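If you're matching them up, the sequences are chains B, P, A and V in order. Going by our numbering, 50 is the number at position 50 of the first sequence; the sequence numbering is gapless. Going by our numbering, 1132 is the number at position 132 of the second sequence; the sequence numbering is gapless. Going by our numbering, 2083 is the number at position 83 of the third sequence; the sequence numbering is gapless. Going by our numbering, 3570 is the number at position 570 of the fourth sequence; the sequence numbering is gapless.
What the hints contain is simulated information worked out from the structure, not anything from laboratory work. The model shown is predicted, which means the values in this text are computed figures rather than measured ones. There could be a bad hint or two in this list.
Listed next, with one range per pair, are the computed distances between beta-carbon atoms [claimed, not checked]:
(1) V:D3573 with P:Y1039: 53 to 61 Å
(2) P:S1201 with B:P73: 40 to 48 Å
(3) A:A2093 with P:I1016: 34 to 42 Å
Don't be surprised by glycine CBs; every beta carbon is placed ideally from N, CA and C.
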Amino acid sequence: MRLSGPLLVVLILTHLFINLMTGDGVNQIDFAFVAGKWAAPLWKIWDLTMLVLAMLHGGNGMRLLINDYAQRPWMKKLLHGALGVAVIGIIVLGSLVIFTFDPCPTGTDPELLNIELCKELGRL
Amino acid sequence: MTATVETPAVGEVASIQVKLRILRSNPEGTADHAPGEAYWQEFEIEAHATDRVLDALHKIKWEQDGSLAFRRSCAHGVCGSDAMRINARNRLACKTLLKDLNPAKPIIVEPIKGLPVEKDLIVDMEPFFASYREIMPFLMTTGNAPTRERLQSPEERQRFDDTTKCIMCAACTTSCPVFWTDGQYFGPQAIVGAHRFIFDSRDEGQWDRLEILNDKAGVWKCRTAFNCTEACPRGIEVTKAISEVKKALTTGEI
Amino acid sequence: MWMWVVHRVTGVAIFFFLLVHVLDTALVRVSPEAYNEVIGSYKTPIYGLVEAGLVAAILLHAFNGLRIIAVDHSTWALRHQKQLVWAVWVLFAILMVPFLVRHLGHVFGGA
Amino acid sequence: MTHHEYDVVIVGAGGAGMRAALESSQRARTAVLTKLYPTRSHTGAAQGGMAAALANVEDDSAEWHVFDTIKGGDYLVDQDAAEILCNEAIDAVLDLEKMGLPFNRTPDGKVDQRRFGGHTRNHGEAAVRRACYSADRTGHMILQTLYQQCIKQEVEFFNEYYVLDLILDGDPQQAGPGEEVAVAGVVALELSTGEVHTFRAKSVIFATGGAGKIFKTTSNAHTLTGDGMGIALTAGLPLEDMEFFQFHPTGLAGLGILLSEAARGEGGILRNSEGERFMERYAPTIKDLAPRDMVARAMANEVREGRGAGPHKDYVLLDLTHLEPAHIDEKLPDITEFARTYLGVEPYTEPVPVYPTAHYAMGGIPTTVKGEVLRNNTDVVKGLYAAGECACVSVHGANRLGTNSLLDINVFGRRAGIAAAEYAASVEAAPVLRDDAAARVEGIVTRLLGTVGGEGTARVADVRKALQETMDRNVQVFRDAASLEEARGVVAELKKRYESVAIHDRGRRFNTDLLEAIELGFLLEIAEVVVEGALAREESRGGHYREDFPTRDDERFLHHTMAYATPDGVRLDTKPVVITKYQPMERKY
Ligand SMILES: Cc1cc2nc3c(=O)[nH]c(=O)nc-3n(C[C@H](O)[C@H](O)[C@H](O)COP(=O)(O)OP(=O)(O)OC[C@H]3O[C@@H](n4cnc5c(N)ncnc54)[C@H](O)[C@@H]3O)c2cc1C
Ligand code: HEM
Ligand code: SF4
Ligand code: F3S
Ligand code: FES
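Bound conformation, chain B alone:
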């Protein structure tokens, strides 16, 4: 909690700032935007750490909450189980997405893609 907290501040605030404050704000977010960002390894790592940390931190926080509010032991077990699945599932899913991301899937309408990037990559 104490370690992930401050790191998350930096990570998430920057994340939010870039995504929502610079350029066109929410309106700019689309497939192309994401592709553009993840072209740089920095952002890949950035988002990955953010994801892992946030999930661990949030998961741990939720665990505390369950401890506090779940009265019956079986309920506690159940919720903890669900939480564990969710946290691990999301981390795995998220990492997969980030690492196997293909910025220029074939057969997609080029309109949607980050054209310059794909050109650069020689995919178009």
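Fit chains P, A and V with the ligands to the supplied structure of chain B, relying on the hints for placement.
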């Protein structure tokens, strides 16, 4: 000191009308209420601004309704009998003067929260004392005792001074939102009680106690809500004590 | 105590958002169309407001989290925790106001 | 009704009760019955310190302590007991320290000591530092430490059990000299249920504390209603020296909340409305640190002669303004906070209004130095013990020195605990409790519960208030035949009214209304004994000052008063004072 009819001699204080709204309950029931049912009752009394809430409660008990039940003893904030929720804050009735509350509105008096209510403002204190006993609140030493006193420098004595002041009134523990939802939590008072020994240079049982506090019902339950510090009538920096115990657990140093 | 409630509520809110957020981001793996469609819905006014709330939650949770950490590590912070609560709200306001202006501008004005 | 059997039953969990419990629970099966949670006991309110000639900061000896105690008590002290008190004082303090009590420390790490009224070097030469202390919370620390040790030893407590009767095997007044009367047990009311419990025990120790609530202005807790003394009296046992009640000079004016003598020990000065340090006139050598009876009288006299301060000229001022705030915070944090909280006075910069407040009962249940309760001048009740403020060993005589009571509860609490356990080990079984042992208590409870809803009857609070007011007016620092006669009349009338007193709470559980009514009964009994003793003692000695007899009269009154309750009222007798080394001398400071 009985029903301070004469005001303290410093200046003259006019008498005022005060309303108190008290959350009552009677385990045996009354004519209008089922056993254990909680209900509000309003009383109006004449008092002086310099009277304590305890004086007001006494006035009600002695002049209007003898069945009103509450604990009290010393009447000056040193025995810890009369912690109650007054205007949504835990305080000692004997240390709260009417003039420090808003006399225009009724004063709301409820039993402290999180312990089973027995009757009116009286709650079952046993779970609270049980937590205290849990943390082994006594000096633990090894080897033979010296013939004279154990030496301790004034600085070493100062180290745990704050937590020696605790009168076990439970104002802290019963104001803690974590304790409200989870009665298993030892609560701030037990940690204060442990702190008093953990940081006593003469004590050798620190690690036994820290181990107990490291338990899942222990210090890590504290989410620094600060209610305890704000409630403590002895001005003990409760959250600070808790945080020092946490630090001892994380750093392994005392 | 209220800060503790705020921290809890915002923490939980963010957690659930994050679940959803990762899932939707995962759509980039499925197909750009699907992703854009979902993201497109983020750009509607209603969702815009939700998002503003989310940012508020994150900011509050973040600054309050920093306060809690500070309070745990320094006696000074511990003794001045009340002032720090104010500081959290002030910082929050300072960041929130320009963000709102800009963000709502994007959402509604489509600038 | 539930029945219990123990070897030792201790009534009261203040300093004396718990100190006794620590000894007896190691040796015998012990139960502690207390009407308050142990940590609520009024020992926790004690502030200033606990005397012992440790000589940690300056030259001192137990011998000087003995002399001061005897002289402070105006030669009514039993000197053999005083010797025990002062000689065992050093171990009593060291024992507490070893149990973990956080005393204030000297720079070299020893228990620190400070000055207190009447404690002097070399038989009165100058004030000596003898009081071991922990800021102005010494009693709190003692109570906490003893409670902690009780937790460690797993002492069995019956919390919120109100003892109402003492069962003896035989009538202590009818039994002839040398005949055996033994204790059989006690009867108690469990507050949370209203159930009556009987406890059969081989030994019983009374440690129920003081009776300050017979007065209106008092430093004592609402719960200090002299139960133990009242129970003993009702059981046919005598009370000793009850006319000697200590008025502490510095109670917060109008409230009675105590500001410890430590305030003067640390340099505080009493001043009248003219700003004069008037104690210089009354006790030229030790001035503000004269024994309490003298200071209290001096203050009352200043007020009487028109030099009182305030709008009504009815108090004097305790001046701490010349002390460093840091020093005040370190040594007197609590009492200065009392002044702020309750009077709105800032002691750093303003003098604090003070006036004498009823504080301590020098008298009580007479005991030997082992804590055994006497049923007359010579015979003890087998298995019955008393210690602490409810007892009278007599180490305090006519006036207790400050810090000698915390000492008393530790020294004699310990002795009573050991003696009770040893006695329990020496007998086969306690006398059998008759089937109707609880009948009297059941009767009282049923009668009072039956008054609920009754018409035109007296209120407990009104009777109590009338009692307290008459005691404050007539039996305070100054007394004379006329004022005492008046008090006698009022008390008699109130006793009548008490018979028709009605309560409001018809329930059995936590019936604090019922409790207050019973307590009032004890208060009335005790007030009567105080007044009778004061009327009979036609002299002035220590805390008892008769304006019509302003001097001490050793010819007629160098003896203890023994008061017995009889169907025809209080019967007074005398008991010789034990004198070993110090012949009575004039008491000057
Ligand atoms: C404000 C104040 C300051 C003082 N400062 C000092 C000081 O600095 N130095 C000093 O030496 N002395 C001081 N004294 C005096 C000293 O504190 C007391 O005389 C002493 O603490 C009495 O201890 P105790 O154990 O006899 O009684 P208490 O501590 O009063 O305990 C009485 C116990 O008896 C129990 N009890 C009473 N009635 C019943 C019943 N009917 N049934 C069951 N249980 C019962 C109560 O629950 C309680 O546990 C001070 C006193 C006061 C009031
Ligand atoms: C932005 C940076 C963040 C910081 C500085 C931060 C800080 C903290 C801290 C210090 C705590 C512990 C509180 C305590 O001990 O009482 C905490 C708890 C918590 N956090 Fe965060 N956090 C951040 C982001 C997040 C995110 C992204 C999530 C969601 C995934 C989250 C969810 C939670 C939860 C659920 C709790 C538990 C709340 C509780 O127990 O009351 N936090 N946070
Ligand atoms: S720490 Fe303070 S609030 Fe808590 S029990 Fe002790 S005195 Fe009461
Ligand atoms: S109120 Fe409770 S959460 Fe911690 S700071 Fe105090 S114990
Ligand atoms: S009555 Fe003792 S603390 Fe309030």
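Taking the Cβ atom of A:A2093 and the Cβ atom of P:I1016, is their distance within the range 34 to 42 Å? 41 Å Cβ-Cβ, so the 34 to 42 Å window holds.
Outcome for the supplied range 53 to 61 Å, where the beta carbon pair is V:D3573 and P:Y1039: The hint (53 to 61 Å, Cβ to Cβ) holds, given that V:D3573 and P:Y1039 are roughly 56 Å apart.
Taking the beta carbons of P:S1201 and B:P73, is their distance inside 40 to 48 Å? 42 Å Cβ-Cβ, so the 40 to 48 Å window holds.
The structure meets every hint from the earlier list without exception.
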